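J.: Take a look at the letters that make up each chain.
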Amino acid sequence: MEGLSIKQRFQETLKSVYFPFVAIVVSLLFGSVVILATSSTSPLTAYGHMLKGAFGSIAAFDSTLIKAIPLIFTALSFSLARRSGIINLGAEGQFMMGALAATAVGVATPNLPAIIHLPATLLAGFLGGALFGLITGVLKVKFGASELIITIMLNYIAKELISYFVNGPLMDSASSSYPQSAPMEPSARLYKFIPGLNVHTGLLIALAFIFLYYFFLWKTTAGFDMRVVGFNPSAGAYAGMSIGRSTILALFLAGGLAGLGGCIEIIAVQGRLMMTSFAVPYGFTGIAVALLGNLNPLGVLFSGILFGGLSAGALRMEVMTRDVSSSVAVVIQALIILFIAGRQMFAFKRRYRYRPSSEKRKGKTVVDDATEDESPTVQATAGEGE
Amino acid sequence: MNEVVSFFSTTIRLAAPTLLAALGIVFSERAGIVNIGTEGMMLVGALAGVIGSYVTGSAWLGMLIAVFVTVLFSAIFAYFTVVVKADQTVIGTGMNLLASGLTITVNRALFGASTSPPEIDSFGIVAIPGLSSIPIIGPIFFNHHIIVYLTFILVPIAQFVMFRTNIGLKVRSVGENPKACDTVGIRVGLTRFLSILYSGVLAGMAGSFISMGMVSFFTEGMIAGGGFIALAAVVFGNYTPRGVMLSSLVFGASNSLMYRLQALATNIPSQFLLMIPYVITIISLCIVSRKSNKPLGSGKPYIKE
Chain A
18 MEGLSIKQRF
28 QETLKSVYFP
38 FVAIVVSLLF
48 GSVVILATSS
58 TSPLTAYGHM
68 LKGAFGSIAA
78 FDSTLIKAIP
88 LIFTALSFSL
98 ARRSGIINLG
108 AEGQFMMGAL
118 AATAVGVATP
128 NLPAIIHLPA
138 TLLAGFLGGA
148 LFGLITGVLK
158 VKFGASELII
168 TIMLNYIAKE
178 LISYFVNGPL
188 MDSASSSYPQ
198 SAPMEPSARL
208 YKFIPGLNVH
218 TGLLIALAFI
228 FLYYFFLWKT
238 TAGFDMRVVG
248 FNPSAGAYAG
258 MSIGRSTILA
268 LFLAGGLAGL
278 GGCIEIIAVQ
288 GRLMMTSFAV
298 PYGFTGIAVA
308 LLGNLNPLGV
318 LFSGILFGGL
328 SAGALRMEVM
338 TRDVSSSVAV
348 VIQALIILFI
358 AGRQMFAFKR
368 RYRYRPSSEK
378 RKGKTVVDDA
388 TEDESPTVQA
398 TAGEGE
Chain B
-6 MNEVVSFFST
4 TIRLAAPTLL
14 AALGIVFSER
24 AGIVNIGTEG
34 MMLVGALAGV
44 IGSYVTGSAW
54 LGMLIAVFVT
64 VLFSAIFAYF
74 TVVVKADQTV
84 IGTGMNLLAS
94 GLTITVNRAL
104 FGASTSPPEI
114 DSFGIVAIPG
124 LSSIPIIGPI
134 FFNHHIIVYL
144 TFILVPIAQF
154 VMFRTNIGLK
164 VRSVGENPKA
174 CDTVGIRVGL
184 TRFLSILYSG
194 VLAGMAGSFI
204 SMGMVSFFTE
214 GMIAGGGFIA
224 LAAVVFGNYT
234 PRGVMLSSLV
244 FGASNSLMYR
254 LQALATNIPS
264 QFLLMIPYVI
274 TIISLCIVSR
284 KSNKPLGSGK
294 PYIKE
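First to last, the sequence lines map onto chains A and B.
So the first sequence is residues 18 to 403, counted in the numbering used here.
So the second sequence is residues -6 to 298, counted in the numbering used here.
These are computed hints drawn from the structure, not numbers from a lab.
Careful, some of the hints might be misleading.
Chain B side only, calculated, beta carbon under 8 Å to chain A, not exhaustive [claimed, not checked]:
no., residue
1, Phe73
2, Ala79
3, Gly87
4, Ile179
Model, not experiment: these values are computed from the prediction.
We put the CB at the ideal spot given by N, CA and C, even for glycine.
The whole structure should be built from the sequences, with the hints applied where relevant.
T.: See below:
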């Protein structure tokens, strides 16, 4: 943004807020249709409860923040991969594998000092997800297989692996037949750090990783390469960058970010690994968070908090109205994905005249416009074609 | 011997929903659309079928309603990908999440969250007179749900339409080179839109067959990756209906193997058996991804200059 006048900066900011805002409003409108159709509660009442449950009090905001933390990690996972031209639909599974690896380290070694145990657990969480992401990266580079279906299949495999471990090797011997791990050792847990609030130090780790995400992509050579390869693979290859290496590194790191999210969810919130630990689709919701935040570090932070509020508020909405299902929040999240990805439909056509030549990229990647926030490319032609 | 017969019979039965959905996807893929939203479409079809059957008392009317609803649902996908020209993968993911949220909401509103599922009419097994009494071959091929027969009959028809008719030619060329098609007056957007709706028809049938043929109730998220496996079957089957049939049979066999091993009560933990279909899917994708018939314009929105 250097070299822009104040007016231009203001317009840029306005533009970056305009689409998310419209997408949220339209999604809430459609969501209210669903509420009307499936319950006898007025949408305004339902949304009122939702807002109160999300941001209505300190306690509400506290639970919003707790719910935002895993979403920030899965959103960073999707964003990092997307910036390098890969669609990571596997955050769901990587999140689980992070949780699994962290649990293995967190319950297995009692009597370790926290200063060793906690970092080891966090590292295990990162590596668990990262190695799972690496599988996709290697298969994509070695065999040219599309990451889309592979990541999704790996999600199902991760689910079965969790089921195996909580019913087998990691099963808590004290709780006999219930499928869950033993509680995490106190030395491997994260605790609350603000008096009176439940939010835990995972929030600080999340903030640190938002910064690291920014620093890596915009301030390091490897990150720069990754963004170039993502934006224009042939240009990247022409400049001597290895697309394969970038792909593998991106999926390793993306997996690690999701895995760390899973790890923190277990060691800070759930306390032990259970089958029900993954009832919320953190991975897929993270996609909505990433898109709404435009794959930007600050955007991910804000939309993460917003989506944390959406799920915290949805619970209150269900309890207070009794007949509006909290799954309405999933509908709203899905609609936000649709309206953000299809944001061209809300564009003012005349403002964005452009030459479509920048649109045409060679190579058979499925991922186009990975970083379309850099230039408002697609907007102009909406509705002009067929 | 009995076990072999039951293995092959189960393979065919389990391949059917994958094949049915894949026969739709193969057309939309050929038209240049990566339809990752199939999973959601099948889920919507599964619930709509159960509701339709519950309301009308007939599995056939239930399936008709499922098809109608799923086509409407797939029109949303078509609108965003073809008209708005948004990223197909992201929209597909959004559609899956939307289907998941909508089906849970509607299912809970209609039938309650935890009560036992309602009694509905479902598809029964129709043994073909005469043929089904041939030893071995009869029970394997001629003792199935009627949808299974229809699905396999559709394969040669789809093959013919795709490679021997004007419609098939249009669909294939729109995926391969949309710009050239536009130049000679083929309506790229319309062709793509209709091919998505067609895949919606078959996804609706496949989904409702799962909820009214395989079982006779709806559960949340019951497709469990079936839509993605159908998508993989298209890639593995190298984008032809005949190939899709073979790959669906491979996936059906891996499911069938899983059940067989479960029944044998081996020492292998059941979770690893449940992974088999997913692992086979991944392996199959790695085998074929080079040298494929994937259309050149796949996944890219066509933007007129």
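J.: If a hint holds in the structure, say so; if it does not, say that too.
T.: Status of each hint after checking the structure:
no., hint, verdict
1, Phe73, "holds (5 Å)"
2, Ala79, "holds (4 Å)"
3, Gly87, "holds (3 Å)"
4, Ile179, "violated (10 Å)"
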